[in-house]
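Chains as they are written, first to last, in the working numbering: chain A, 1 to 564; chain B, 1 to 564.
The set of hints was computed from the structure by calculation and includes no laboratory data.
Be aware that one or more of the hints could be misleading.
Since the list can't tell identical chains apart, any single copy or any two copies may satisfy a pair.
[Unchecked claim] As a list, the in silico EDC-like pairs of lysine to aspartate or glutamate whose alpha-carbon atoms are at most 20 Å apart:
1. Lys97 / Glu508
2. Lys138 / Glu194
3. Lys59 / Asp123
4. Lys59 / Glu521
5. Lys288 / Glu534
6. Lys341 / Glu33
7. Lys197 / Glu187
8. Lys258 / Glu243
What follows is each chain in one-letter form.
Protein chains: 2
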Amino acid sequence: MTKIRVGLGQINPTVGDFSGNLAKILAFIEEAEKKGCDLAIFPELAISGYPVWDLAIKKSFIRENLHSLETIAKATRRLKVSVVVGYIDHGPQGSTKSRNALAWIEKGKVRLRQYKSLLPTYDVFLEEIFFEPGEGHKTLSWRGIRLGTAICEDIWDQQYSIKPLQSLSRNRAQIVVAINASPYHKEKARLRDELLKRQSKRYGFSIIYVNQIGSQDDLIFDGRSLVVDRKGRVLFRAPAFEEGLFVYDWDLKEKNPKTVPLPASVGEPSEIYQALVLGVRDYVTKNKFKSVVIGLSGGIDSALTATLACDALGSDRVLGVTMPGVYSSEGSWKDSEELAKNLGIEFRVYPIKEKYNALLHYYQEERHSPHPNPLPILGRGKGEGEITLTMENLQARLRGLELMYISNEEGRLVLTTGNKSELAMGYCTLYGDMAGGLCVLGDVYKTDVYRLARYRNQIKPVIPQASIEKPPSAELRPNQKDQDSLPPYEILDEILKLYIEKNLTREEILKVLMPQKVSLEVITDAINRVDHNEYKRRQAPPILRVTQKAWFGRRMPITNRFMG
Amino acid sequence: MTKIRVGLGQINPTVGDFSGNLAKILAFIEEAEKKGCDLAIFPELAISGYPVWDLAIKKSFIRENLHSLETIAKATRRLKVSVVVGYIDHGPQGSTKSRNALAWIEKGKVRLRQYKSLLPTYDVFLEEIFFEPGEGHKTLSWRGIRLGTAICEDIWDQQYSIKPLQSLSRNRAQIVVAINASPYHKEKARLRDELLKRQSKRYGFSIIYVNQIGSQDDLIFDGRSLVVDRKGRVLFRAPAFEEGLFVYDWDLKEKNPKTVPLPASVGEPSEIYQALVLGVRDYVTKNKFKSVVIGLSGGIDSALTATLACDALGSDRVLGVTMPGVYSSEGSWKDSEELAKNLGIEFRVYPIKEKYNALLHYYQEERHSPHPNPLPILGRGKGEGEITLTMENLQARLRGLELMYISNEEGRLVLTTGNKSELAMGYCTLYGDMAGGLCVLGDVYKTDVYRLARYRNQIKPVIPQASIEKPPSAELRPNQKDQDSLPPYEILDEILKLYIEKNLTREEILKVLMPQKVSLEVITDAINRVDHNEYKRRQAPPILRVTQKAWFGRRMPITNRFMG
Numbered sequence: 001m002t003k004i005r006v007g008l009g010q011i012n013p014t015v016g017d018f019s020g021n022l023a024k025i026l027a028f029i030e031e032a033e034k035k036g037c038d039l040a041i042f043p044e045l046a047i048s049g050y051p052v053w054d055l056a057i058k059k060s061f062i063r064e065n066l067h068s069l070e071t072i073a074k075a076t077r078r079l080k081v082s083v084v085v086g087y088i089d090h091g092p093q094g095s096t097k098s099r100n101a102l103a104w105i106e107k108g109k110v111r112l113r114q115y116k117s118l119l120p121t122y123d124v125f126l127e128e129i130f131f132e133p134g135e136g137h138k139t140l141s142w143r144g145i146r147l148g149t150a151i152c153e154d155i156w157d158q159q160y161s162i163k164p165l166q167s168l169s170r171n172r173a174q175i176v177v178a179i180n181a182s183p184y185h186k187e188k189a190r191l192r193d194e195l196l197k198r199q200s201k202r203y204g205f206s207i208i209y210v211n212q213i214g215s216q217d218d219l220i221f222d223g224r225s226l227v228v229d230r231k232g233r234v235l236f237r238a239p240a241f242e243e244g245l246f247v248y249d250w251d252l253k254e255k256n257p258k259t260v261p262l263p264a265s266v267g268e269p270s271e272i273y274q275a276l277v278l279g280v281r282d283y284v285t286k287n288k289f290k291s292v293v294i295g296l297s298g299g300i301d302s303a304l305t306a307t308l309a310c311d312a313l314g315s316d317r318v319l320g321v322t323m324p325g326v327y328s329s330e331g332s333w334k335d336s337e338e339l340a341k342n343l344g345i346e347f348r349v350y351p352i353k354e355k356y357n358a359l360l361h362y363y364q365e366e367r368h369s370p371h372p373n374p375l376p377i378l379g380r381g382k383g384e385g386e387i388t389l390t391m392e393n394l395q396a397r398l399r400g401l402e403l404m405y406i407s408n409e410e411g412r413l414v415l416t417t418g419n420k421s422e423l424a425m426g427y428c429t430l431y432g433d434m435a436g437g438l439c440v441l442g443d444v445y446k447t448d449v450y451r452l453a454r455y456r457n458q459i460k461p462v463i464p465q466a467s468i469e470k471p472p473s474a475e476l477r478p479n480q481k482d483q484d485s486l487p488p489y490e491i492l493d494e495i496l497k498l499y500i501e502k503n504l505t506r507e508e509i510l511k512v513l514m515p516q517k518v519s520l521e522v523i524t525d526a527i528n529r530v531d532h533n534e535y536k537r538r539q540a541p542p543i544l545r546v547t548q549k550a551w552f553g554r555r556m557p558i559t560n561r562f563m564g
Numbered sequence: 001m002t003k004i005r006v007g008l009g010q011i012n013p014t015v016g017d018f019s020g021n022l023a024k025i026l027a028f029i030e031e032a033e034k035k036g037c038d039l040a041i042f043p044e045l046a047i048s049g050y051p052v053w054d055l056a057i058k059k060s061f062i063r064e065n066l067h068s069l070e071t072i073a074k075a076t077r078r079l080k081v082s083v084v085v086g087y088i089d090h091g092p093q094g095s096t097k098s099r100n101a102l103a104w105i106e107k108g109k110v111r112l113r114q115y116k117s118l119l120p121t122y123d124v125f126l127e128e129i130f131f132e133p134g135e136g137h138k139t140l141s142w143r144g145i146r147l148g149t150a151i152c153e154d155i156w157d158q159q160y161s162i163k164p165l166q167s168l169s170r171n172r173a174q175i176v177v178a179i180n181a182s183p184y185h186k187e188k189a190r191l192r193d194e195l196l197k198r199q200s201k202r203y204g205f206s207i208i209y210v211n212q213i214g215s216q217d218d219l220i221f222d223g224r225s226l227v228v229d230r231k232g233r234v235l236f237r238a239p240a241f242e243e244g245l246f247v248y249d250w251d252l253k254e255k256n257p258k259t260v261p262l263p264a265s266v267g268e269p270s271e272i273y274q275a276l277v278l279g280v281r282d283y284v285t286k287n288k289f290k291s292v293v294i295g296l297s298g299g300i301d302s303a304l305t306a307t308l309a310c311d312a313l314g315s316d317r318v319l320g321v322t323m324p325g326v327y328s329s330e331g332s333w334k335d336s337e338e339l340a341k342n343l344g345i346e347f348r349v350y351p352i353k354e355k356y357n358a359l360l361h362y363y364q365e366e367r368h369s370p371h372p373n374p375l376p377i378l379g380r381g382k383g384e385g386e387i388t389l390t391m392e393n394l395q396a397r398l399r400g401l402e403l404m405y406i407s408n409e410e411g412r413l414v415l416t417t418g419n420k421s422e423l424a425m426g427y428c429t430l431y432g433d434m435a436g437g438l439c440v441l442g443d444v445y446k447t448d449v450y451r452l453a454r455y456r457n458q459i460k461p462v463i464p465q466a467s468i469e470k471p472p473s474a475e476l477r478p479n480q481k482d483q484d485s486l487p488p489y490e491i492l493d494e495i496l497k498l499y500i501e502k503n504l505t506r507e508e509i510l511k512v513l514m515p516q517k518v519s520l521e522v523i524t525d526a527i528n529r530v531d532h533n534e535y536k537r538r539q540a541p542p543i544l545r546v547t548q549k550a551w552f553g554r555r556m557p558i559t560n561r562f563m564g
């Protein structure tokens, strides 16, 4: 054959939803057959969803997934299309681990089973814990073409001594079908493109790369399946963040094929925005929540979170609640109301002022009742009437309590609104603004929150200008501003990126930020606060990942006396 | 030499506390020298503490730890004693990882550097993420003896194709010095004993095994360093959970040496109790908290937690607060007061009844104010006046709020009191009874909570008999009992152990529990609840580990449609 019609099954599976995933795969196979595809390719672990963590070593889970594989094989009995799909296979005799596997299915039979050889174990990946590595990569002859297969990390071979693609090249593969569950971060599409171009040229074969879309807890998968020829030319690109069977007609003899450039949106706010929308939608719907609730402060973080939620779920599934406190500005109410109006969401005002005064009254009364020892008053406040850290936290926690009350009563998922800069610095309250089921912006630096808000407002202005322009404030004390206790976000975010994502020392950060004239003291204080606040992040809900080093892939001890 | 005096430096380092750890090691070396030791051996990563996670790839961290190593080497210049100590070394050129290393120091010089070859990456270990494996294990001649060295996993070689001990045996090692940071669970001492006996006989050399003590976040280390000869005889045992330089005079020519049996306490309540005491003490003191606060319900979990805290910190650093609610029995107050009296701790009564009524009033008022859509009342309650799940949670959260208020105001760490059975079933409230900095009993099954309480009361009866005898209840509704919504704990705990620790399917569990006549329905419901409640555990504070499979080493997705 010199012309093949390739069906790239860029599906969105749900972890553990075997019947749902199976139905989806079968429907796509049928569609591929109808469209006259020669091949229908599905992602890594498409049958079970990915990542499955400890589920991968659960016998009943493996059994169920093998049933699905059988059903898929049977369904192809009378079909012309060949199917490639990812599943979990038993581990070798005596092992408690299983195998991350791929099946090549034709006319009702599994013609080839290929096991993943390179098991990523770093950052957000822990595959060596669950899987035994495969050994050897064979090729097969398919309709006159020599084909090889690979699973995700198998093609990212730079850091490994085993090189699966090299074996495939030695076995004279002409086309390699690579199935993937490759999670998104804002650098990822570019890295992937460079890799595929380099590997196809280096080894002299074409690569069909199929990736899943969708999100699973903290991880977002962007799809963007593609076809690269052996000269490193990208012949086809499936869209990002979109489920579908994408069909490419491939003329293997064509000398000067049309190529498709990397979209300009890569790493841009529009892309990050789409990623977050998908992350919210999938977490909410895959966990069967009908609706969400968000505390609106009038600030930019909660405004952006609510806007993302609307774009993910539709306005009718989003509730905004503003909970003005003693020190809230007029804007906290007004700007929230304007946002809600712009978004067309339900809006409620539940002030915490009276509750706060009532509880504070009880607490202070309790503390004045006779105790064996006098009680020191800690926190920032000094004299009578000043606001202590305790009182700040109490306000934040009363808001958390209110949102959880609504969540329990109405079955809504609480979305938390903290950003990465705040979580880094511990500028957030446990059981207060951190209370909720999903943290939407926890991997987005504050300066990127602004970029995303401006991007979204370009499409249609929904976030009030005041929310974007006013100086950020927690409004837990009179005239409080974030910048009273944090460096300017433009500086802080640079420090945080160098520290968290590049793993630089404070001296190295000082050198990089020389032009901005940042002092070693500011840097030291910031990185020590990052380390010190690990205990808060340990209790955070899942945080959607959009950077190369998210909290989820960063493992730090809580007990840690080391100072940067 | 035919007689050596071995100093087993069973120290308790603190992660990142380079000056503290260094001072400790130097003091122990001095003591060893004074006592005429030939060898002073310190645990794996003794210089930095263990585990350090991502700190292991931080350049400034590695640098600081290498300074300590230099200082230690210099300190031995004029000493007779040789020193073996664990530290972090740079990774090979071009690698971003580092090395888990051991230094053999004599007369101011590092005579041997040995890198850990087997890097545990499963359960609570993730070493492949941070460390490059060593290659090859050499021996050295020391005072006429051929010596080898190994680091922790290097001796647990069953699951690996590389066998460091085999290399040492081929290189004719007579004694192998193994340094360890081997975390405790109740099976561990027995497993370790069996391993060391088997390996020493198999390879024909003696093993000096030195383990750290102390705790680091979720992990507890039990020490129990020992000396095993080449016939698998245990010649010496250092105590469990105790820091010290333990000296053993070893006559290498002795044909019939005295042997020491494994203590009978292994896996028994007395041992688990000691482990938890150490876990609480170290978390509190290493994180520089002066005192703790515990919510006392009158039940056995909080009573045991408070007792453990007293044994760990002393009564004067423990505050007990009882917070009777609308549905609290008289016992919740009375039994708590009796416990506090028995323990000699400060005791306060802060009822939540008024606060609960006040907040509920506000919330219900808010909900009756005009809203665009009618609000369904979810939860367990049906008619007017019944208690909904929302109202139950509100009570628990008001207690969490109260404790966090005290924590903020007085700088006390909140200890949470939930046990493993409750966390498994989701029988706990996020931001309510789950709010706090350390969960003491979260890896102890309810039936073991009873065992521990009875054990402790044998020493001195402090936990009121009523707390032990009354049927467990959350007291969030009238006449509520745990057993209304959970299977009897004797049955439930058996199901949980088989499911969580043995990873059995429901059919396998049914078979094992056949004699107890447990139905498949009960089993299915229990394991599905374990899976469903992953989202709660994700937001739990560190949980002290005492079983082979704790939550910390169990990785499950939140989004998961699989039904056991």
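Evaluation of the provided hints:
Taking CA atoms no more than 20 Å apart as the test, Lys97 paired with Glu508 passes between copies only; the shortest distance there is 18 Å, against 42 Å inside one copy. Taking identical chains as interchangeable, the C-alpha atoms of Lys138 and Glu194 are never at most 20 Å apart, the minima being 25 Å within one chain and 42 Å between chains. In the homo-oligomer, the alpha carbons of Lys59 and Asp123 lie at most 20 Å apart only across protomers (18 Å), although the nearest pairing inside one protomer, at 27 Å, exceeds that limit. Taking identical chains as interchangeable, the C-alpha atoms of Lys59 and Glu521 lie at most 20 Å apart only when they sit on different chains, with a minimum of 19 Å there against 54 Å within one chain.
When the C-alpha separation of Lys288 and Glu534 is checked against a cutoff of 20 Å, the pair qualifies only between copies, where the shortest distance is 15 Å, while the shortest distance within a copy is 30 Å. Taking the shortest alpha-carbon separations for Lys341 and Glu33, neither the intra-copy value of 47 Å nor the inter-copy value of 77 Å comes in at or below 20 Å. In this assembly of identical chains, Lys197 and Glu187 lie within 20 Å of each other by CA distance solely inside one copy; the values are 16 Å within and 52 Å between copies. Taking CA atoms no more than 20 Å apart as the test, Lys258 paired with Glu243 passes in neither setting, with 24 Å inside one copy and 71 Å between copies.
In summary, the structure is inconsistent with hints 2, 6, 8 from the numbered list given earlier, while agreeing with the others.
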